[in-house]
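Asker: Numbering (the working numbering), first residue to last: -14 to 531.
The hints are simulated quantities; they were obtained by calculation from the structure and are not laboratory data. Incorrect hints may have been included.
Result set (DSS-like, lysine-lysine): computed pairs, CA atoms no more than 30 Å apart in a straight line [unchecked claim]:
| id | residue 1 | residue 2 |
| --- | --- | --- |
| 1 | 179 | 269 |
| 2 | 186 | 22 |
| 3 | 170 | 186 |
| 4 | 170 | 333 |
| 5 | 33 | 2 |
| 6 | 309 | 332 |
| 7 | 82 | 523 |
| 8 | 186 | 33 |
| 9 | 269 | 486 |
| 10 | 170 | 523 |
| 11 | 269 | 309 |
| 12 | 309 | 333 |
| 13 | 523 | 493 |
| 14 | 269 | 493 |
| 15 | 309 | 2 |
| 16 | 269 | 304 |
| 17 | 170 | 33 |
| 18 | 179 | 486 |
| 19 | 523 | 425 |
DEER-style ranges, computed between Cβ atoms [as the list claims (entries may be wrong)]:
| id | residue 1 | residue 2 | range |
| --- | --- | --- | --- |
| 20 | 203 | 437 | 48 to 54 Å |
| 21 | 372 | 203 | 51 to 57 Å |
| 22 | 156 | 513 | 21 to 27 Å |
| 23 | 494 | 257 | 41 to 47 Å |
| 24 | 87 | 260 | 49 to 55 Å |
| 25 | 266 | 440 | 45 to 51 Å |
| 26 | 394 | 156 | 42 to 48 Å |
| 27 | 183 | 494 | 52 to 58 Å |
| 28 | 447 | 231 | 21 to 27 Å |
| 29 | 12 | 183 | 43 to 49 Å |
C-beta: ideal position from N, C-alpha, C; glycine also.
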Amino acid sequence: MAENTAIFVNNATTAAKEEERGRDLARRYRCEFVDLKSFRMHQDLFRKIPVELMFRYNFIPLEELPDGRLEIAIDDPSRLMMIDEVGLLLRREIVTKVSTLSQITDILKKTEQSQRVLEEASEDFAVHVIRDDDESDETISIEKLTAEGDMSPIIRLVDTTIFTALQRRASDIHIETQDESVIIKYRIDGVLQKAMQPIAKEHHSTIISRIKVMSELDIAERRVPQDGRFRVRYLGRQIDFRVSIMPSIHGEDAVLRVLDKESMSEKFHKLTLDVVGFSEDHIKTFRRYINEPYGMVLVTGPTGSGKTTTLYAALNEIKTEEDKLITIEDPVEYQIRGVTQIPVNEKKGLTFARGLRSILRHDPDKIMVGEIRDTETAQIAIQSALTGHLVFTTVHANNVVDVLGRFLNMGVEAYNFVSALNCILAQRLVRVICDHCKRKVRYDLETLENSGLNPAEWGDFEFSEGPGCIECAGTGFRGRTAIHELLELTDRIREMILDKKPSSEIRKAAREDGMIFLRESALAKLRDGITTLREINKVTFIEASR
-14 MAENTAIFVN NATTAAKEEE RGRDLARRYR CEFVDLKSFR MHQDLFRKIP VELMFRYNFI
46 PLEELPDGRL EIAIDDPSRL MMIDEVGLLL RREIVTKVST LSQITDILKK TEQSQRVLEE
106 ASEDFAVHVI RDDDESDETI SIEKLTAEGD MSPIIRLVDT TIFTALQRRA SDIHIETQDE
166 SVIIKYRIDG VLQKAMQPIA KEHHSTIISR IKVMSELDIA ERRVPQDGRF RVRYLGRQID
226 FRVSIMPSIH GEDAVLRVLD KESMSEKFHK LTLDVVGFSE DHIKTFRRYI NEPYGMVLVT
286 GPTGSGKTTT LYAALNEIKT EEDKLITIED PVEYQIRGVT QIPVNEKKGL TFARGLRSIL
346 RHDPDKIMVG EIRDTETAQI AIQSALTGHL VFTTVHANNV VDVLGRFLNM GVEAYNFVSA
406 LNCILAQRLV RVICDHCKRK VRYDLETLEN SGLNPAEWGD FEFSEGPGCI ECAGTGFRGR
466 TAIHELLELT DRIREMILDK KPSSEIRKAA REDGMIFLRE SALAKLRDGI TTLREINKVT
526 FIEASR
């Protein structure tokens, strides 16, 4: 501990000396000194300037001035020849500011990783596609997929796109075809961001063909959607990609879903409901239901709302060596130790319903069904809950009350469904404000009223926002957390469902019983400075707060 403290003190001392030297140089050469610790990155500006130029001359572009001049930060303003050379290469008049070399280098490294790696092929990155068939696990290197030993530019582009997606924590890669170009985007923290400048349309078919080869899809078929998957090795671990190819009016579009099982399995080993984003009241109630001896726990929400993560966290908390836990999923996204996980394979005839029947013959104590899509699966899951099993499952619905109608419309017997059900949890994800650039703001009365907030209550409230910095790639957000609404199946609610009361009445009764709705959960995150007003307006209905 003492040694670590000494290192920290030495680093702080070195940084202080470096900053003092920088300020002296700035005064001597009549330049402004800039502290880049709170530097806000201008993504468009960074994209305009070749990354190799910034690395060669060790400078950071700061701002484009209205008169066309370019402000840059350097560590030594005495290098006049270098400044002139940068100006000539960029064909711009340069305005110099001074910063420390360590700050400049740090930002350049982060910038290269987060923004510019796509524009230079990574020499150390090679994708090894692993075939997943019944007979063998053959590893195919890029050299085997190409006739020449050298990697083609398109293969290098696709590989570096994948590489950067993994570096930037992307959950999906979108390749969108337009009339004159191809756009590549990443979905990071639930929001799409451009990965690079548009690519010429002439390269479209080659890029899609490369992805099809990796996914073992039909290259010649371009008129119907195709689904596939491939696995790559990256930094010593295997990462799965689910691929969907879809024809559009301008050509084929592709979406690659990133499933980093091994990395997430390490995190999931310690995953609990505490890190999912539950409020104190919700977590206490939900924990009570997941520890019941039998019954059904339903989680609902749109695709990508973290339903599976919540169920994994619940399983992680309740698993013991005394109980047998079995899951059936499509696909098995993350591996959990101590849990038997079965992947759905509809091509081979292994559906949710068939797999669930087989699971019941293995004497499980707790079962997780990845999703209820049809009447047969719903009926078997309900029967399992009624015969002494604790069943966790998900269903697609907008809120907890809509789930009731969804099941009853499937033709499920209302009495059995109500008897089996313990609780319904609805969930959404909101982005978390970046800690490095978080600041306080206030909104005018019109904005508050348009957001359904009472000006008398919120008028003097200081909201939080993130303007964007190098740490969050200029987005103002880093990571996501969940908001919830939890419906407890009290005797009153059960009777209303059996009496086929309207959803509005059930919702009103739930509120009277103390239920907190999604909008109220989101407002609590807003009040705690975790997320922004714009973010909760995007995820929840404004009317719900009135």
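Asker: Now look at each hint and say whether the structure bears it out.
Answerer: Hints and how they fare:
1. Of the supplied pair hints, the one linking residue 179 and residue 269 is violated, its CA atoms being roughly 40 Å apart against a limit of 30 Å.
2. As the CA atoms of residue 186 and residue 22 are separated by approximately 40 Å, the hinted pair breaks the 30 Å bound.
3. The hinted pair formed by residue 170 and residue 186 meets the criterion: a straight-line CA distance of about 16 Å does not exceed 30 Å.
4. This hinted pair does not check out: residue 170 and residue 333 have alpha carbons roughly 34 Å apart, beyond 30 Å.
5. A hinted pair counts as satisfied when its Cα atoms are at most 30 Å apart, and residue 33 with residue 2 does not qualify at roughly 33 Å.
6. Among the hinted pairs, residue 309 with residue 332 is consistent with the structure: their alpha-carbon atoms are about 28 Å apart, no more than 30 Å.
7. Pair hint residue 82 plus residue 523 does not hold up; C-alpha atoms about 40 Å apart against a cutoff of 30 Å.
8. Distance restraint check for residue 186 and residue 33: the Cα-Cα separation of roughly 21 Å lies within the 30 Å cut-off, and the hinted pair is therefore satisfied.
9. Simply put, residue 269 and residue 486 have alpha-carbon atoms about 29 Å apart, close enough for the 30 Å limit, and the pair holds.
10. Of the pairs offered as hints, the one joining residue 170 and residue 523 holds, with about 20 Å between alpha carbons and a cut-off of 30 Å not exceeded.
11. For the proposed pair residue 269 and residue 309, the alpha carbon gap of about 24 Å is at most 30 Å, so the pair holds.
12. About 26 Å separates the Cα atoms of residue 309 and residue 333, which keeps this hinted pair within 30 Å; it holds.
13. Simply put, residue 523 and residue 493 have alpha-carbon atoms about 24 Å apart, close enough for the 30 Å limit, and the pair holds.
14. For the given pair, residue 269 sits about 23 Å from residue 493 by alpha-carbon distance, which is consistent with the 30 Å threshold.
15. At roughly 61 Å between alpha-carbon atoms, residue 309 and residue 2 are farther apart than 30 Å, so this suggested pair is violated.
16. Under the criterion of a C-alpha separation no larger than 30 Å, the hint pairing residue 269 with residue 304 is consistent with the structure, at around 18 Å.
17. About 18 Å separates the Cα atoms of residue 170 and residue 33, which keeps this hinted pair within 30 Å; it holds.
18. Between residue 179 and residue 486 the CA atoms are separated by roughly 47 Å; this puts the pair beyond 30 Å, and the hint is violated.
19. Taking the CA atoms of residue 523 and residue 425, the gap is near 20 Å; set against the 30 Å cutoff, the hint holds.
20. Judged by the Cβ atoms, the range 48 to 54 Å given for residue 203 and residue 437 holds: they are separated by roughly 50 Å.
21. The beta-carbon spacing between residue 372 and residue 203, approximately 45 Å, falls outside the hinted interval of 51 to 57 Å.
22. Judged by the Cβ atoms, the range 21 to 27 Å given for residue 156 and residue 513 holds: they are separated by roughly 25 Å.
23. Checking the proposed 41 to 47 Å range against residue 494 and residue 257 shows it is violated: the Cβ atoms sit about 32 Å from each other.
24. The hinted window of 49 to 55 Å between residue 87 and residue 260 is violated, with their beta carbons roughly 33 Å apart.
25. Under the hint 45 to 51 Å, the C-beta atoms of residue 266 and residue 440, about 27 Å apart, miss the expected range.
26. In this structure, residue 394 and residue 156 break the distance hint of 42 to 48 Å, their C-beta atoms being roughly 31 Å apart.
27. A beta carbon spacing of about 53 Å between residue 183 and residue 494 agrees with the range 52 to 58 Å that was offered as a hint.
28. For residue 447 and residue 231, the Cβ-Cβ distance of about 45 Å falls outside the hinted range of 21 to 27 Å, so the restraint is violated.
29. At about 44 Å, the CB distance of residue 12 to residue 183 agrees with the hint of 43 to 49 Å.
Against the hints set out earlier in the document, violations occur for numbers 1, 2, 4, 5, 7, 15, 18, 21, 23, 24, 25, 26 and 28.
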